[in-house]
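Note that the protein sequences, when read in sequence, are chains A and B. So in our numbering, spot 235 of the first sequence is number 235, and the numbers just go up one at a time. Just add 249 to the spot in the second sequence (first one is 1) and you have our numbering.
In case anyone wonders, no lab produced these hints; they're calculated from the structure. Just so you know, nobody snuck in bad clues.
Listed below are several chain A residues computed to face chain B (Cβ distance under 7 Å; list not exhaustive):
id, residue
1, V109
2, W159
3, A196
Each residue gets a CB set at the ideal place from its N, CA and C atoms; glycine is no exception.
2 protein chains.
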Amino acid sequence: MPSPSLSVRALEALPEVRPGDDLAALIVAANDGRPFAADDCVVVSHKVVSKAEGALVELAAVEVSERAAALAAELDKDPQLVQVVLDGTAEIVRARRGVLICRTHHGFVCANAGVDRSNVAEGWAVTLPADPDGSARRLRAALPGRPAVVIADSFGRAWRHGQAEIAIGCAGLRAMADERGATDRHGRQLEATVIATADHVASAADLMRQKASGQPAVVVGGLGGHVTAEDGPGATVLVRAAAEDLFGA
Amino acid sequence: MPSPSLSVRALEALPEVRPGDDLAALIVAANDGRPFAADDCVVVSHKVVSKAEGALVELAAVEVSERAAALAAELDKDPQLVQVVLDGTAEIVRARRGVLICRTHHGFVCANAGVDRSNVAEGWAVTLPADPDGSARRLRAALPGRPAVVIADSFGRAWRHGQAEIAIGCAGLRAMADERGATDRHGRQLEATVIATADHVASAADLMRQKASGQPAVVVGGLGGHVTAEDGPGATVLVRAAAEDLFGA
Chain A
1 MPSPSLSVRA LEALPEVRPG DDLAALIVAA NDGRPFAADD CVVVSHKVVS
51 KAEGALVELA AVEVSERAAA LAAELDKDPQ LVQVVLDGTA EIVRARRGVL
101 ICRTHHGFVC ANAGVDRSNV AEGWAVTLPA DPDGSARRLR AALPGRPAVV
151 IADSFGRAWR HGQAEIAIGC AGLRAMADER GATDRHGRQL EATVIATADH
201 VASAADLMRQ KASGQPAVVV GGLGGHVTAE DGPGATVLVR AAAEDLFGA
Chain B
250 MPSPSLSVRA LEALPEVRPG DDLAALIVAA NDGRPFAADD CVVVSHKVVS
300 KAEGALVELA AVEVSERAAA LAAELDKDPQ LVQVVLDGTA EIVRARRGVL
350 ICRTHHGFVC ANAGVDRSNV AEGWAVTLPA DPDGSARRLR AALPGRPAVV
400 IADSFGRAWR HGQAEIAIGC AGLRAMADER GATDRHGRQL EATVIATADH
450 VASAADLMRQ KASGQPAVVV GGLGGHVTAE DGPGATVLVR AAAEDLFGA
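Turn these sequences into a full structure, and let the hints guide you.
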């Protein structure tokens, strides 16, 4: 009997996504019009979600506050970009030359509050979706077959080089698998086994995506019981509150 | 033309691994004796590697230092266990009731310096392999077909709930994919795109593993150019030096 197997495949490149575009329709077209399986998860780079939702800022039109100007000078960054970052920031976690780590209004801790100028037209920046779990729910409802949906972004880590892929939003996926009740073969309770499943799905998807060539959507198939009929609480459950972080008081 | 696709499948459960066991032979048997493909990566939970290498400690035989005794009392932890943790620790990053985050001698930052009592006989603890990249290279050399090898563990994150799967060792896999030279479709340089590929492979594997039922080995197939003929520098390249961490001076 073959073991159950997970599959991960990137969809064809999408055309450049513009505000108001029907992202679900573009994803279905990239899947040759076929519906998805009920235990598929469609993993989408947040950037196309932001673009479809109009979460774009023309930098030349940004009015720069005194605080942003001072911070930009200190860090050697573009003042307009720093203003957009501050608009998305609840708390600056770390600022030093070239580096600005922020806790966003959603509670994500990431560089530049997730504001990015790559894969966007010159002179513009793309910001994070305002409500990534809501975006995931809407996208799920619009995709034939109603697969789970993860909206992904790449975040740096405190103690490791390289960026890890993170689920900033999801629908229909158990974002965390809590195995703390389970016992091992010795009858001993498993220690510390709450697994960030949604982040693992995002990471698996990233292995097949060519970032430079416009392949923002990846289908992870065979997720079985990780996928749920209900949309569930989304990826918000993975956000550690500031007071609970591993450096908190 | 079907898109290239990644596959992830768990091997059958291994028997309980004991010091001196031939882990490669156990893994091959769990793969029904078949060789692996050259662009497969065999992802193995560190715990079976540690057990085969004898990285096990009988807690009753541990002599507890004054420092370990004081710390154990302060944190409400087992003194012998705390001693084993301190033996593997270069620096304590965070200590509070029930929580001990350590930088290991390898440079990994994780709870309890990776020392764990689950999936091990009562009264014993398993420690991290002394040289996980070396362990990965030896395992690769012993596996038919010479697939890439990742040795994985689950680490907590500073700002997110749930554990993420991490490559503590690897051989034959580009641990990081550096796309910083690449440009997007707008001709703009991609920002901050050094991707922790080995951690993503570990994460993908974890989606198919049942931790409680002894399935420590997972085969990730179809990794293509991520797999290299040379063993390469291993997962050490993913370790951020203490002085460079996002909280450093």
